[in-house]
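Chemist: One letter stands for each residue in the lines below.
There are 2 protein chains.
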Amino acid sequence: MADHGRRVLLLSNSTQAGHDYLEHAAAPIQEHFPAGGRIAFVPYALHDWDRYTAKAAAGLGALGYKVTGVHTGDPATVVAEADGVFVGGGNTFRLATGVHRTGLADVLRERVADGLPYMGASAGTVLAGPSIRTTNDMPIVQPPTFTALGLIGFHINPHFLSGAVVPDFMGETREQRLAEYLEENETPVVGLPEGSWITAHGTTVTAGGAHDAVLFARGAEPGPLPVGSDLSALETAPHVGVAGDAGC
Amino acid sequence: MADHGRRVLLLSNSTQAGHDYLEHAAAPIQEHFPAGGRIAFVPYALHDWDRYTAKAAAGLGALGYKVTGVHTGDPATVVAEADGVFVGGGNTFRLATGVHRTGLADVLRERVADGLPYMGASAGTVLAGPSIRTTNDMPIVQPPTFTALGLIGFHINPHFLSGAVVPDFMGETREQRLAEYLEENETPVVGLPEGSWITAHGTTVTAGGAHDAVLFARGAEPGPLPVGSDLSALETAPHVGVAGDAGC
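If you're matching them up, the sequences are chains A and B in order.
Each step along the first sequence adds one to the number in the numbering used here, with nothing skipped, and position 34 is 1499.
Each step along the second sequence adds one to the number in the numbering used here, with nothing skipped, and position 228 is 1693.
No wet-lab data here; the hints were simulated from the structure.
Note that CB positions come from ideal geometry on N, CA and C, so glycine has one too.
Hints are not guaranteed to be accurate.
[Unchecked claim] Below, simulated SDA-like cross-link-like pairs (lysine to any residue); rule was C-alpha separation at most 20 Å, straight line:
id: 1; chain 1: B; residue 1: K1520; chain 2: B; residue 2: R1566
id: 2; chain 1: B; residue 1: K1531; chain 2: B; residue 2: G1483
id: 3; chain 1: B; residue 1: K1520; chain 2: A; residue 2: Q1641
id: 4; chain 1: A; residue 1: K1520; chain 2: B; residue 2: Q1641
id: 5; chain 1: B; residue 1: K1520; chain 2: B; residue 2: G1502
id: 6; chain 1: B; residue 1: K1531; chain 2: B; residue 2: A1519
id: 7; chain 1: A; residue 1: K1520; chain 2: A; residue 2: T1533
id: 8; chain 1: A; residue 1: K1520; chain 2: A; residue 2: H1565
id: 9; chain 1: B; residue 1: K1531; chain 2: B; residue 2: R1566
id: 10; chain 1: A; residue 1: K1520; chain 2: B; residue 2: E1637
id: 11; chain 1: B; residue 1: K1520; chain 2: A; residue 2: A1491
id: 12; chain 1: A; residue 1: K1531; chain 2: A; residue 2: A1519
[To be verified] Every beta carbon over 10 Å from chain A, so not counted as near; a handful from chain B, in silico:
id: 13; residue: G1470
id: 14; residue: K1520
id: 15; residue: G1555
id: 16; residue: R1559
id: 17; residue: A1578
id: 18; residue: T1599
id: 19; residue: P1604
id: 20; residue: G1636
id: 21; residue: E1648
id: 22; residue: P1691
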């Protein structure tokens, strides 16, 4: 992967309680996308693509951008004509199915390697990792593969929330789920709380936003990644794909 | 599917707060498996199969059963020599990978159709449905297919818990996740709270346990399924497989 031109902004969440859509991340978004630019929006994570694109157009429109849904034309062409791409949140399995079936996965890998700014939120942030194995979402559809875009060389768990959520409830905590992930996988995971984000500019990868992130790595207790931390050392893992995810 | 000999017991959870493993379900288990019987245990949902089998042996041993892990010999042979099978909870993706890779999925479908009592808990309950699309688990490994055993003709969401769990947290509620499932799938889902279970005896399917279940069906608001409800009318859907899950 040609990392040196990479410009990636990965938000844990697109809507923060008490704020309009994307409002909490206005500053990093305006640093990320060129002023007044055309943004190709990938709406596949939700069911109603037109409605979702209208929502993205309103949120990014308030920041001065023009939004086009990739489903309104040939997806590769819409991306080719854009100054940036935004992959919205929703269901990660539906999103992965969409980008693989349309061929957009390969298009995005190539264009981001060439320097096209990529922004993801929630499912769109998971998709930027090596695989979708650290999504919180329900597997409502079966994508052809769990392999994701591999724009960054570690996994992200968005909407990260520590601890048991309901007294006496026996479902797993997020930490237990990620410990199970580490039983099966070597690539580390950054637990990214709501209100926080990660930026990757070339080979520089940085934690940003309102709250510290949490590192989950094999053989170590979970540990804090304070806002401002350099995360580039986590990119020791292969950037694209995970053993066993090739599908067929 | 030869439903008429079917004997299936599907627990939402294996451990209830304040109780030992399986203790809360002692009564239905002792109705389900023949007294003193040999139980084949499927431990694939957790990482340490020996340790998990020891736990199942202790829990079922307290109820008079003898437990053998299917991994301690040829899985089909262990099942063939058993009076019942118990598929334990853990991670549904890891479980599905295990039963498909070993060929146990086909063995279990055949033996349960022939009358072998099947008990599942949590992931083992999801596995009894048409697909794993309604699991709560993190997709830490990619199974060859989302298609499950199809022992019952509707989906179950175990550990069902209504409503938002943390104020101002933007992750989806369980209801939102199941609404997204219904955007993509027609088979109804029974949300099964902890402490509750479903029994299928031949063509009779019944809600049991401590708390009412919740029905999620396309085009309808979620509605209660009181303890004792006849669920057999939900089995209108195809019993095995879901369109698009065939994988390769």
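Chemist: Run every hint past the structure and note whether it holds.
Modeler: Against the structure, the hints:
1. For the hint pairing K1520(B) with R1566(B), the CA-to-CA distance comes to about 24 Å; that exceeds 20 Å, so the pair is violated.
2. Taking the CA atoms of K1531(B) and G1483(B), the gap is near 25 Å; set against the 20 Å cutoff, the hint is violated.
3. Between the alpha carbons of K1520(B) and Q1641(A) the distance comes to roughly 18 Å, so the proposed pair stays at or under 20 Å and holds.
4. The suggested pairing of K1520(A) with Q1641(B) holds, with an alpha-carbon distance near 18 Å, which does not exceed 20 Å.
5. A hinted pair counts as satisfied when its Cα atoms are at most 20 Å apart, and K1520(B) with G1502(B) qualifies at roughly 17 Å.
6. Simply put, K1531(B) and A1519(B) have alpha-carbon atoms about 11 Å apart, close enough for the 20 Å limit, and the pair holds.
7. The straight-line distance between the Cα atoms of K1520(A) and T1533(A) is roughly 11 Å, inside the 20 Å bound, and the hint therefore holds.
8. Only pairs whose Cα atoms come within 20 Å are accepted, and K1520(A) paired with H1565(A) is rejected, the gap being roughly 24 Å.
9. Straight-line distance between C-alpha atoms of K1531(B) and R1566(B) comes to about 26 Å, which puts the hinted pair past the 20 Å bound.
10. Restraint check for K1520(A) and E1637(B): satisfied, since their Cα atoms lie roughly 18 Å apart, inside the 20 Å limit.
11. With a C-alpha separation of about 51 Å, the suggested pairing of K1520(B) with A1491(A) is violated against the 20 Å cut-off.
12. For a cut-off of 20 Å, the pair hint linking K1531(A) to A1519(A) stands: about 11 Å separates their Cα positions.
13. Look at G1470(B): its CB is around 30 Å from the nearest CB on chain A, clear of 10 Å, so calling it non-interface holds up.
14. Distance check on K1520(B): its Cβ is at least 14 Å (rounded) from any Cβ of chain A, clearing the 10 Å threshold; non-interface status holds.
15. At roughly 8 Å from the closest C-beta of chain A, the C-beta of G1555(B) falls inside 10 Å, breaking its exclusion from the interface.
16. For R1559(B), the shortest C-beta to C-beta distance to chain A comes to about 7 Å, within the 10 Å cut-off, and the non-interface label is violated.
17. Once the 10 Å rule is applied to beta carbons, A1578(B) is consistent with being away from chain A; the minimum gap is 25 Å.
18. The claim that T1599(B) lies off the interface is violated: its Cβ sits roughly 7 Å from the closest Cβ of chain A, which falls inside the 10 Å cut-off.
19. The claim that P1604(B) is not at the interface with chain A is violated, since a C-beta of that chain comes within 10 Å of its own (minimum 6 Å).
20. Distance check for G1636(B) against chain A: the nearest CB is about 4 Å away, which does not clear 10 Å, and the non-interface claim fails.
21. A Cβ of chain A approaches the Cβ of E1648(B) within 10 Å, the least distance being about 4 Å, so the stated non-interface status is violated.
22. With a minimum CB-CB distance of about 22 Å to chain A, P1691(B) clears the 10 Å threshold, and the non-interface call stands.
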